[in-house]
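Colleague: These protein sequence lines are chains H and L, in that order. At position 90 of the first sequence the residue is numbered 90 (this note's numbering), and the sequence of numbers has no breaks. At position 350 of the second sequence the residue is numbered 350 (this note's numbering), and the sequence of numbers has no breaks.
Each hint should be verified, as a subset may be incorrect.
Claimed, not checked - Here are the in silico distance ranges between beta carbons for each label pair: (1) 123/H to 23/L: 29 to 35 angstroms; (2) 150/H to 332/L: 49 to 55 angstroms; (3) 150/H to 23/L: 34 to 40 angstroms; (4) 355/L to 47/H: 37 to 43 angstroms; (5) 289/L to 17/H: 31 to 37 angstroms; (6) 180/H to 355/L: 31 to 37 angstroms; (7) 15/L to 123/H: 17 to 23 angstroms; (8) 179/H to 22/L: 45 to 51 angstroms; (9) 139/H to 355/L: 32 to 38 angstroms.
Claimed, not checked - Here are some, though not all, of the chain L residues that point toward chain H, as calculated from beta-carbon distances under 7 angstroms: (10) 4; (11) 5; (12) 8; (13) 11; (14) 329; (15) 404; (16) 406.
Rather than coming from a laboratory, the hints here were simulated on the basis of the structure. Since we're looking at a predicted model, the values are computed, not measured. Heads up, the beta-carbon is just placed ideally off N, CA and C, and yes, glycines get one too.
Okay, here's what each chain looks like letter by letter:
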Amino acid sequence: MTSNSRLIDLQGIHKTYMVGQVPVHALRGVDVVIEPREYVAIMGPSGSGKSTLMNIIGCLDVPSQGAYFFEKQDVSGLNDDQLAAIRNRKIGFVFQTFNLLPRATAQANVELPLVYGGVSARDRRQRAARVLEQVGLADRMHHKPAELSGGQRQRVAVARALVTNPSIILADEPTGNLDTKTGVEILALFRSLSDDGNTLIVVTHDATVAAEARRIVRLVDGKIAEDRAA
Amino acid sequence: MSSGARLAIIAESLRQAAAGIMANKLRSLLTVLGVVIGATTVIAMLAVVQGLNASVASAIREMGTATFLVSKYPMTRNVSFEEYLKIQRNPDLTDSDARAMEAASPWIRRASASVTNVHDVRAGKLEASNVFVKGLSSSFAEISDVKMAQGRLFTEQENARRRNVCVIGPTVGDRLFPGLDPVGKHLTVGRHSFLIVGVLKERGKMFGQDMDSVVLMPYTSYTKAFGKGDATLSVQAVDTERVPQALNDAITILRGIRRLKASEDNDFFVATQETLMSSYYKIMGGVYAVMVGVAAISLLVGGVGIMNIMLVSVTERTQEIGLRKAMGATRAFLVLQFLSEAAGLSSVGGLIGLLFGAGLATLVGSVSPIPARVVGWSVPVALVFAASVGIIAGLYPALMAARLHPVEALRRE
Chain H
1 MTSNSRLIDL QGIHKTYMVG QVPVHALRGV DVVIEPREYV AIMGPSGSGK
51 STLMNIIGCL DVPSQGAYFF EKQDVSGLND DQLAAIRNRK IGFVFQTFNL
101 LPRATAQANV ELPLVYGGVS ARDRRQRAAR VLEQVGLADR MHHKPAELSG
151 GQRQRVAVAR ALVTNPSIIL ADEPTGNLDT KTGVEILALF RSLSDDGNTL
201 IVVTHDATVA AEARRIVRLV DGKIAEDRAA
Chain L
1 MSSGARLAII AESLRQAAAG IMANKLRSLL TVLGVVIGAT TVIAMLAVVQ
51 GLNASVASAI REMGTATFLV SKYPMTRNVS FEEYLKIQRN PDLTDSDARA
101 MEAASPWIRR ASASVTNVHD VRAGKLEASN VFVKGLSSSF AEISDVKMAQ
151 GRLFTEQENA RRRNVCVIGP TVGDRLFPGL DPVGKHLTVG RHSFLIVGVL
201 KERGKMFGQD MDSVVLMPYT SYTKAFGKGD ATLSVQAVDT ERVPQALNDA
251 ITILRGIRRL KASEDNDFFV ATQETLMSSY YKIMGGVYAV MVGVAAISLL
301 VGGVGIMNIM LVSVTERTQE IGLRKAMGAT RAFLVLQFLS EAAGLSSVGG
351 LIGLLFGAGL ATLVGSVSPI PARVVGWSVP VALVFAASVG IIAGLYPALM
401 AARLHPVEAL RRE
């Protein structure tokens, strides 16, 4: 493993929250290196710090201590707007609850990151159409979330994550709100994205979801308890 | 932040505002009520004030720039009751004062007296009530542009001989002689009968007063029938530049007639076109101040309403804000989003107020004598004002949204 191929390089990451007067140590010294094209599952029981780790990897939060190199850039000291720019261009998010804008069509939802990226309206439309087709929703482009099934909504969310052509796709319990059959469909979609050369990081407590990944990082009490190939 | 991205966000926010309004019409209406009232007030009151301005200005202009008025009571200010009682004891003005001015001053071309009272006027069984009956020196016609529709004005001779002749306004003619030509017929005012020699051209309404509900007659005929009364003198200088000299002469002559000592103040009042205008504008200044006050209070209330609903909106949509942050929205984008939503909301209020205000002005114009008309520039002023209220009121909620931590915002249900 050469340092040149490091997409994500976390070194001695600590994260401490204050809950009232009480400090909560969510992460206590995490070192992880993730390379391009990897498909990693981050597992752990609730309270293990896996969500906190995902937030830091996704540049939604900054570590209290330690260094985070994203594509060799130290991002642990960036301000809000600089982090927003990295999230916009480099990271695609998929959430458990889909988090689509209810009043916007599937297409408008997918275009959202491109709007913040300053992409022209014409390019936005084309790129949104392309990724929606890729996830099999070409015929649902003008539907609003309420007119779509749970699986379709999550596929819109995946399309939204893909549309900026990000360096990594971060999914937080992506099948948590889906029935088993639909969950399997989404996992198949993730597998094909991985096969296409995307880097995927999935946070889950579900062993079947984790089994799809090629590497499993297990967190316990804010530390890595296990890091192995699946 | 590219301009295309800005436009996209503004457009999306305005759609959001529109969708919010459509989804919750009552809540939105209550939210923008203050702005609606503010805009309605501004539009309607400006319409009324502008209408008044136009009609007052034309009335005063009609007097002519070379003409000034002399009267017993002040015309350009209110008097207290005590002052009124004091002024009441001063001598009335009469036509002979006007004659003396005409005769003695080279700067005065004409001076005429007019006496006015309100009477019920009859012809046979028909009656016109509350008609302005005026006695005029005949030269009044040349000062004030009396225009005849039919017949003629009374003459100097008829004035000198105190003939019972009169000229009527079209309203009086329609009321007393419907469908007939009034010229050559008689009407009675009180116990006195007058021959109608002419009908005036229609002049319309001013301040609720029907300018056509009038009977004009020679000054001498009026005083013979109804007693001398208190006349107002219209004095015309030889030209506009000589108004100061003519004014000075009129005052000197009247003081002479009344034998006022140098130490005594005038026991009469003069008003030029200029002083009439300036006193009118002084009154209007007060009206404007009231209008600005009402508008400011209702817009403040409107602003509070909008701030409130935007705070609710930020709270309700915390998760959406978190999502937008995750998608790369900077603080500036979120401020822009919520500001344009607030501005959109308040602009809708402004637009509704605009329609209400215009409707109100039209209503006032048609059922009341006030000649209200919507002023073109008040429309953009009201809309820009409404939008500004939204932007100011939306600022705090927008900053609140922009400052949310993405992780905490996303976690909120």
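Colleague: All hints are to be evaluated individually against the structure, with a verdict given for each.
Modeller: Status of the hints after comparison with the structure:
1. 123/H to 23/L: 29 to 35 angstroms: holds (31 angstroms)
2. 150/H to 332/L: 49 to 55 angstroms: With a Cβ separation near 34 angstroms, residue 150/H and residue 332/L fall outside 49 to 55 angstroms, so the hint is violated.
3. 150/H to 23/L: 34 to 40 angstroms: 23 angstroms Cβ-Cβ, so the 34 to 40 angstroms window is violated.
4. 355/L to 47/H: 37 to 43 angstroms: violated (58 angstroms)
5. 289/L to 17/H: 31 to 37 angstroms: violated (56 angstroms)
6. 180/H to 355/L: 31 to 37 angstroms: Violated: the Cβ-Cβ distance is about 56 angstroms, outside 31 to 37 angstroms.
7. 15/L to 123/H: 17 to 23 angstroms: holds (21 angstroms)
8. 179/H to 22/L: 45 to 51 angstroms: The hinted range 45 to 51 angstroms is violated for residue 179/H and residue 22/L, with Cβ atoms some 34 angstroms apart.
9. 139/H to 355/L: 32 to 38 angstroms: The hinted range 32 to 38 angstroms is violated for residue 139/H and residue 355/L, with Cβ atoms some 43 angstroms apart.
10. 4: holds (6 angstroms)
11. 5: holds (4 angstroms)
12. 8: holds (5 angstroms)
13. 11: violated (10 angstroms)
14. 329: holds (5 angstroms)
15. 404: violated (10 angstroms)
16. 406: holds (5 angstroms)
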